[in-house]
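Protein chains in written order, with the numbering used here: chain A, 1100 to 1408; chain B, 471 to 736; chain C, 18 to 406.
You may find that some hints are simply not true.
Cross-link-like lysine to aspartate or glutamate pairs, in silico, DMTMM-like; alpha carbons within 25 angstroms at most [said to hold, decoys possible]: (1) B:478 / A:1301; (2) A:1317 / C:77; (3) C:152 / A:1309; (4) C:152 / A:1304; (5) C:152 / C:141; (6) B:509 / B:526.
Hint data in this document are derived by calculation from the structure and do not stem from the laboratory.
Only a predicted model underlies this, so the values are computations on that prediction, with no experimental measurement involved.
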Amino acid sequence: MSTLTEAPPPLAPAAPEKKPPRRRGRFTPYWLLLPGILWLIVFFALPMLYQASTSVQQGSLEDGYKVTWHFATYWDALSAYWPQFLRSVFYAAAATVLCLLLGYPLAYLIAFRAGRWKNLIMILVIAPFFTSFLIRTLAWKTILADNGVVVHTLNSLHVLDLTNWLGWTAGDRVLATPLAVVCGLTYNFLPFMILPLYTSLERIDGRLHEAAGDLYAKPWTTFRKVTFPLSMPGVVSGTLLTFIPAAGDYVNAELLGSTDTRMIGNVIQTQFLRILDYPTAAALSFILMAAILAMVTFYIRRSGTEDLV
Amino acid sequence: MPFVTWLKRHLVVIAGLLTLAYLLLPNVIVTVFSFNKPKGRFNYEWQRFSTHAWKDPCGVADMCGSLSISLQIAVWATVGATILGTMISFALVRYRFRARGAVNSLIFLPMAMPEVVMAASLLTLFLNMGAQLGFFTILIAHIMFCLSFVVTAVKARVMSMDPRLEEAARDLYAGPVQTFLRVTLPIAAPGIAAGALLSFALSFDDFIITNFNAGSTVTFPMFVWGSAQRGTPVQINVIGTAMFLIAVLFVLTSMVVGNRRNKQKA
Amino acid sequence: MKTTPDNSGDVRLSGISKTYGSFTAVHPLDLTVPEGSFFALLGASGCGKTTTLRMIAGLEEPTTGTVRLGEQDVTHLPPYKRPVNTVFQSYALFPHLDIFENVAFGLRRRGIKSVKKQVEDMLELVQLGEQARKKPHQLSGGQQQRVAVARALINHPKVLLLDEPLGALDLKLRRQMQLELKRIQTEVGITFVHVTHDQEEAMTMADTVAVMNGGRVEQLGSPADLYENPRSTFVANFLGTSNLIEAEVDTKNGDDIVLKAGGGKLVLPEARCSAPTTAGGKVLVGIRPEKISLTHADDAGEIPDGRNRLTGTIADASFIGVSTQYVIDSPVCDELAVYVQNVERDGRLVPGADVVLHWSPAHTFGLDAAQSLLAGTVGSAGTEEEAAA
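Go ahead and model the full structure; you've got the sequences and the hints to work with.
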């Protein structure tokens, strides 16, 4: 287990590193870097350029595409698909907030309260990963089925009336509604929130809690003033690790949603694999990338985590 | 009001356990429904108990073939990403070189990119190059996105390692190769293992990137995706349950072995 | 800043104990720390001193017994309701808050709005006025230590608890901070309870020292009293060095006991003996190395009468500047330590020389022979970890 939990939250923004000592063998680092970096350049960076170029091409499958600097594709794509963009951001944000609210208590439990159950709970958090996430997502179809226990309970508690009024559900159904999609997104990316939260909570020196208590902070104040601020690196990387994949996801919208819950991922997938309108698909994908990079950069700046790391 | 006090004290534990239940509920459903005998093509409603799927796990056309393809890809992707990623990590931690910032960003970006963007752009590249989509394009894509995760895992471990250990080895007459094999590698091993395990899990379970770049090759997640449209055989629940159990057993055994080894040391 | 002595700063522990499962960290103990005193709990790691401190702080709930501050029973109060503050081992400064906010933390939690003046005054007291806006990791160890003290003291606690506060500092800084803490304590007049494993630290700072061992208080008293008149081998060995010689009770002579050791006789004032003394019973005779004088065997006649004497051979001599430390093999005891001030050095006192050791009976102390001779020495159980650290 230790092997998996030792992996740090991968999304921590590149922290300033200590200068490593100079070694003999001037070219050794370059030889070590060469194959991996080349791989990333050819199969990650280069495709991005190809995609950028494709997005300003015109033509058809039969006649081939030519770069014509046709930026109107971007405008057309945005005006046709802005609802899906907005929906993606909204669903992903909702899922991220839910993940934080649900994940924090569990991460806190593992870090401070689990005692000898700690390893077992950790295994239970990670083990579902090994069942294909598609199978697990399909299980939600059973859980949220129209005549299932969950829907019945929500219905008799009049929770569905409320969610209907909010537009999250429709009629007596949960499946094929925004609620089901957000619920699936939350479920799928919850571990990506819990692990970095746990890592940063675990690092907090237990004496700091004692010191806060000693200095007249009640438990809740201790949490607000000491524990939570110190877990900010985990909160930041957890929210990023949840939000980014959730915003680009199309599996949950496809399996648990309906045509009214299509996200931008669904559109890109359809354009690329079914309609074969490559310029539009490339433009959409480029916009999504730019939007997410901008949001991430802004978020990291705002949360000022560089200061904490 | 002792109950209220009790509740207040254990609120976080209760909330945490509820979240855990939320995380595990689908696995419970998957397991239970692996014993179902569904009416019709879809396995979403409970009908009656049966073990037919467990007795004949490969009884569905193409499913075990797709499983085998997924496993092969996962193994090769793990090997490739672990070797390349470990090399990069050592270069990053142990050496000075130019363009360190650029290298760091190149490793960070794939993790900060929605899968669908990487999937689409990679497909653009393959189409432009006229590459034959299939096993090898999937493998290339998997190595690409696993690489960054390996680097992060290994780097964390190597960074926390005292460089004086290597100096001590050299002081005690170990040459560069000996130092690497006898000191550096064993100490970095847990990080490398973590990276490899993560790679395997990510590659085996990947759907979005694979779906774009697979051509006519069908991996196990793609098979599940297809069956969600055509009809879900009970056998996919059997595979899902088995994978879960194998993972738990694997982790438990390695923990018991690790504990025993630690005890022996002490 | 001095509080009026109304005894509300007394710490009274009665019958307090702590067990974890089958392990007893602290056996039931009674202890009163008078208001305004500087009290040290001294012992090796694992002796229960920190657990005792944490029970006073409220960080650990006692298994039995009560903790009172003055007349108030605080046994079941959580730490944030106790008028007690702690200087934690390795300080536990909040890394996300600057020095000012660290010091202001307790005031703000108690709803005090205008903290600026108080915090600045407190930072002046610990001479850190310039550093207010720095983060803890930007300060040196000594500065962090002073922040920790300021953060606790600003709340005017009835009692300040210090858990190995100087453990993380190097020797020179530690000496300096000992004086500094002593100065602050005298200035504010608050009761200090100080936990340490460093006997020298306890003796230089505290008015009263309680030596703890195995979850019990071995002996309590002023530093000089503990040093001059230890009542157990643990205290004798843990505080400085002692020579312990096995002897047999011979006769009583007024207030003195006469003992047989080897062929000779030793005199011990009865008041300085903590062991039962029946004729023929065994007693450990203790004498501190610096109380012993050395005379070359050729000059034995010059030694005044009435002093305790032993004969022996110098096994080893090490010159350490102010004094010379000798190891003497004697028929009654191997490896007796003797420290001689380098006032007039006798050139004949080299390894191999025969010598007479002699000292005033008034400096002798007697201990129960039924205890381990080595208790409390470096290398015996309980002190090993400290030696390694």
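Distance restraint between residue 1317 (chain A) and residue 77 (chain C), which requires alpha-carbon spacing of 25 angstroms or less: holds (16 angstroms)
Restraint check for residue 509 (chain B) with residue 526 (chain B), where alpha carbons must lie at most 25 angstroms apart: Holds, at roughly 18 angstroms.
Restraint status (C-alpha distance of residue 152 (chain C) to residue 1309 (chain A) at most 25 angstroms): holds (20 angstroms)
Satisfaction of hint between residue 141 (chain C) and residue 152 (chain C), Cα-Cα up to 25 angstroms: holds (17 angstroms)
Hint consistency between residue 478 (chain B) and residue 1301 (chain A) [alpha-carbon to alpha-carbon, up to 25 angstroms]: Status holds; Cα separation ~22 angstroms.
Hinted pair residue 152 (chain C) and residue 1304 (chain A), Cα distance within 25 angstroms: At roughly 17 angstroms apart (the allowed maximum being 25 angstroms), residue 1304 (chain A) and residue 152 (chain C) satisfy the hint.
In this structure, none of the earlier numbered hints is contradicted; all agree with it.
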